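Protein chains in written order, with numbering that gives the first Met the number 0: chain A, 0 to 305; chain B, 0 to 456.
Source of the hints: derived by calculation from the structure; they are not laboratory data.
Note that the structure is predicted; figures quoted are calculated from it, not measured.
Heads up, simulated DSS-like pairs for lysine-lysine below, C-alpha to C-alpha not over 25 angstroms straight-line: (1) A:K165 to A:K216; (2) B:K327 to B:K428; (3) B:K374 to B:K327; (4) A:K165 to A:K209; (5) B:K395 to B:K385; (6) A:K209 to B:K278; (7) A:K200 to B:K278; (8) A:K165 to B:K278; (9) B:K418 to B:K385.
Computed footprint of chain A on chain B; a stretch qualifies when at least three of its residues, placed anywhere within it, have a C-beta under 8 angstroms from a C-beta of chain A: (10) 27-40; (11) 136-146.
Just some of the chain B residues that point at chain A, by a computed CB distance under 10 angstroms: (12) G110; (13) G112; (14) E153; (15) R249; (16) G257; (17) A258.
The beta carbon of each residue, even a glycine, is placed where N, CA and C say it ideally should be.
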Amino acid sequence: MALSAFFSRLKEGLQRSKQKLADGIGAAFIRRRLDDAALAELEDLLISADLGPEAAARIIAGFRRTRFGKEVSAEEVRAALAEEIAVILAPVAKPLTIDRAHAPHVILVVGVNGTGKTTTIGKLAQQYREAGLRPVLVAGDTFRAAAVEQLQIWGQRTGCEVIAGKDGADAAGLAFDALGQARAAKADVLLIDTAGRMHNKNALMQELTKIVRVLQKQDATAPHSVLLVLDATTGQNALAQVRVFREMVVVSGLIVTKLDGSARGGVVVALAETFGLPVHAVGVGEQAADLRPFVPAEFARGLIEG
Amino acid sequence: MFETLSTRLSGVFDRLRQRGSLSEADVTEALREVRIALLEADVALPVVRDLIERVRTRAIGQDVLRSVTPGQQVVKVVHDALVEALGGEGAVGLNLQAPPPLPILLVGLQGSGKTTTAAKLALRLKEKERRKVLLASLDVQRPAAQLQLAQLAERAGVTSLPIVSGQAPLAIAARALETGRREGYDIVILDTAGRLSVDAWLMAEVAEVSAAAKPAETLLVVDAMTGQDAVNTARAFRETVAVSGIVLSRMDGDARGGAALSMRAVTGAPIKLVGTGEKLDALEDFHPERVAGRILGMGDIVGLVERAAETIDRADAERLAARMARGKFDLEDYAAQLRQITRMGSLTGILGMLPGVSKVKAQLAEANVDTAILKRQAAIINSMTKAERRHPDIIKASRKRRIAAGSGATVPEVNRLLKQFDDITTMMKRAQKLGEKGLMRHGLSALMPPGAGRRGF
Ligand SMILES: Nc1nc2c(ncn2[C@@H]2O[C@H](COP(=O)(O)OP(=O)(O)O)[C@@H](O)[C@H]2O)c(=O)[nH]1
Ligand SMILES: Nc1nc2c(ncn2[C@@H]2O[C@H](COP(=O)(O)OP(=O)(O)O)[C@@H](O)[C@H]2O)c(=O)[nH]1
Ligand SMILES: [Mg+2]
Ligand SMILES: [Mg+2]
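Only chain B is shown next, with the shape it has when bound in the complex (with noise of 0.2 angstroms):
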């Protein structure tokens, strides 16, 4: 369905290979691309001119790098935009300089997450700031609300608010900030219920209730998955309330979360947690560096071209991509190959960068790939012969034992490197068969042979 921006952008940029620098048309046709991977990506309309703006003016007449294409030149001025607008490098943290009881107040949308939030607040607070934390629940809305949050907070091993049934928002949170100030708490969680920006009431009611507890923290909850309403949303709770900061929830899942980048924009609010699960300790620290790449659709790209610019020539890599297409590739471009990875780093590194092969990665993981193996690899082949290299079907038994002995390896191991050798070339075979097209809908696993990533080497 989504087609990475670095696809798109190659196919605008396939024929201008050759050229030094970044045209305005060649730009003007790319942002084109990056204006639909944006959207795709659910950053809304609004804040998506404001960044094709920004982009194009700085990338035009760019000095196009010889490690990488134009295509990877533009994904890398768009996502440091990205970056820029999503907070620049680096997480923000809660600000916990007030007097206590501190109050954080969690405000959102129905379903958003406040509640887990809530709890998984308060256990990070309680084991990493050694705070004592209370949570309390302004929720009379949706059934069991206050429940969900008690039963959260004794599995977080934080105390909970006492239940008065009945009670009003306004005065459930005069009572905890009561408690918290006779009990000794240093920080008082408040939970409040989902609300919707349209709803004048619930909206009033939250304002009520954020002028007379003063938090510290006001942090808007929102849903990685949310569309084009984001700027809605954030524009009435920033209407509404002090919104002083934005948490991410279920980056768990598979959403592109451009939403960050619509809240981020409306409320100028810095993003500050996200949440990766349902599970309390699933809140982590926001990177927009990680989120860049996510809103691009295309791992850690950036990363990628960097560090290609250091290490990998493009020349010999095309010549290497040449000689594949044409099925030649035999064991010494293998053993080039091998080269120039663990120069790069670590094989999982480099899968974790490009798009659409986390799978790959985790079998690999599950296999413990790690470029010590690949180094070995490379010494067997080097103590093949020419003739071996080029063509490894006259490796048979006695050659195998040779090479065994020269390389400090053990046949099986030799065997291993053979039979790896060959479903690679089957696997660029099969590319080849299914091409561009095929590779796209079927992703990289189309290749792999059954099986393949648990075998280990």
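Here chain A stands alone, though its shape is the one from the complex (with noise of 0.2 angstroms):
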């Protein structure tokens, strides 16, 4: 099959599935009555859209309580539980602010495997370059074969230097000296890298209180920001990441990638609930330009419209 006629024909298929929900949707609401089977069906999508049972369950009680039995139209359906979304959304929507009298204003950053820790520090070094500051990068994942060649790479595209150490140096020494260089070059911004590790692997999470510590040794304000990065296509385990990793440090705010994709990402939803940490922005591609600031209006919106 030529390139170009798969490709008209799978554009076409998206777009039909996509109406097809949206119409579902629609058909099941106009001039409808909401009762207990289209409060049932609204969980659902609640549910098909990550918030889990019980964050789903909690909030179409409440949409119960103010509105069961009245006559609704698709389209208020919907506004008014994105609605009610959004208000639980919108006191940790806060975006990350770098105070330059840090000088640097230390960021490191943590997250399970392949959540997009990397990718986001080149997002976020583009976004300081333009905002005129300068920042230099640490390639603190020395495990992951060819991290550090992504992270330089990653300096390359954006004009920024990286600091990185041999292949499986010590993580939490290149930190210190990288955190010297940075101070000495009056940068603005630290940007730490670090590997990938499952939360339950208690090794490893000592080793990211390491970094902390020998950051502190220089600096006893650092690090002044510690992002969470968490993949949207991930379920409820969400909730368990965020929680131990807080264990270990002190998690300032999250950074949500891959919202681009037919993820939702509404665990966001009940970690706003469960802990109130600040959501920075969002990963919506894998350019240096994909990142956007969180709006709760808009995320409410993409978890029930898909």
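Join the two chains into one complex using the hints; note that each chain is given alone, in its own frame.
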């Protein structure tokens, strides 16, 4: 099959399925009474967006109290439900602010494997450069094959210096040296990449606390931000990730990646309710420009409309 | 956060302990809990619905075994349905029946573990199957992706296709297969860039690669932590390439792995392998039984139920539990428990079957506990008088010497037993104080006296 033919067929298919979904919800609610069956459908919609059975049930229960039995249109239901969720998310929508007085503002980037830590550092570096700041990147993932080279390419793309050690070097030692260099060079931001680690592996989690300890030998207030990077395709395990990473280091905020896909990242709602951690930004692609502010209304709408 | 399914169900079933078989109403109520448990384990909603219906028809009217609770009985029905939905007992191997160079294509979302799996697979095929393997990366999206595979290949002691910068994926695939033919490779593994199901352009690209390479195996690599989106991913890849197997990565994490069920249901392809770590030897066969227990959040409850059915008398166990609750637990009860435990197999084996005790289990493994020690302890208790068993407080130095001599043990061993019994009763008192809620929150570790597991017996 020719590439172009395939491409257009696929596109049609995707549009169809999107349309079908929208129709399904639409048809279900045009001039419909918000009864038990309708509410159950809404609850399923939330569950399908990864809110988890508990949060979904709670939100629908609130919805039931105020709207049960009303005649509503599809559009009204969507808007109202999105509104309800946006209210939950509003308190956690906080951009990451850089304090130049720290010289440098140290940002430690952590998370489980493959969530998008290194890519997010590239994207942040790009933003800071555009804002006229001078970021320095630290290739603290000394474990994964070619992780250093990956960050070095991001350094080239964004025009930032990358500090790297030898393969298999001690990440804490590297972070310590890098902070010294960045202070001497009067950098504004120090972005420290780390190896991905599963939160249930205690030895690896201890390594993180060690990185924090050595940074504090030079600057007692460092790291000034600890970003936990979450993959939007992750389901309910995100709750465990946040809980355990918080126990080990002072996580200051979240970045949710891969929201350009079909995953909707609904677990963020449960996270907001449970931990109230700021969500600083969302990743929507693999390029340097693909980092966006976290906008509750938009995010909530995306959860419901897919 | 997550209650285990059996805890949830025991609440539902508490009031019907006495009844003989499962009624429709009981089952319906229980299945509400099952539904929540499956959703918390990230099984996709359509798949959950399907399973619940299957379980419903099977569970109604089943007789409840004397030795287990009705809750455990339902769990077993659910578990069996899960095992079936995951492909039934036993592992499914890779299809290696094609003329060399046999192409294997790895596909999946960004960061799912494709490149790592490619290298793991190469190592496995080289070591276990004695095949000559060529690794090739078609990932021109992620920075340094090709270099990553080249470095991993070196670690695995396998050749990787030389990198030609600027070459497109289709051309790399052709070059890899050509090299495979020319240089006599048995297997050529094609690692690809991550792609999202909504990215039509990249999906079209992998369809072209697949059409050209005609892989004998197309493995979809999926993160075990994946949520409800698993169905979208599975559907999109199934519609684009001929997925022949699933690899579930990051099973070394603590995700319940419900995505396995979604993937299997939507693609119809068997789950062939699981990734259990970042190192290259961390690739294992997939065992539906184990994953089913994990999805239910309860270890191997089924094994427990089955063995319990053979050995433990439920009435006996309940009598014991009642005595514990009243704080009336003496050495005689302890000896009775020891006998039951030894009958059921090794202590660590049993602990492994219970939810939430992996930590205690590890400590015990460290302390090298085995049933031999338990038997020895039983012997020590045997040579005590009835009065001593009922009131261990009266056992002073001279009694200890007599007991030791009678059981062929030493006085320090008798001391250790008494100390341990003391720990256990303390633990029970703490458990009573914490109540069931507290236990759920703090786990078993809340009961352990500091350093308990390490002391050994
Ligand atoms: N589509 C998409 N891909 C992303 C995003 N963020 C990261 N990725 C991709 O996810 C994969 C893993 O990212 P990486 O930064 O290496 O993850 P790390 O292991 O956490 O450092 C790479 O293929 C990235 O290109 C995002 O927001 N959207
Ligand atoms: N803990 C753990 N990490 C894994 C596993 N498989 C892959 N990884 C890690 O996940 C990250 C992404 O893996 P990679 O193979 O680059 O994913 P790809 O983008 O799909 O090629 C890396 O940090 C790997 O070390 C696994 O089974 N367990
Ligand atoms: Mg990285
Ligand atoms: Mg890769």
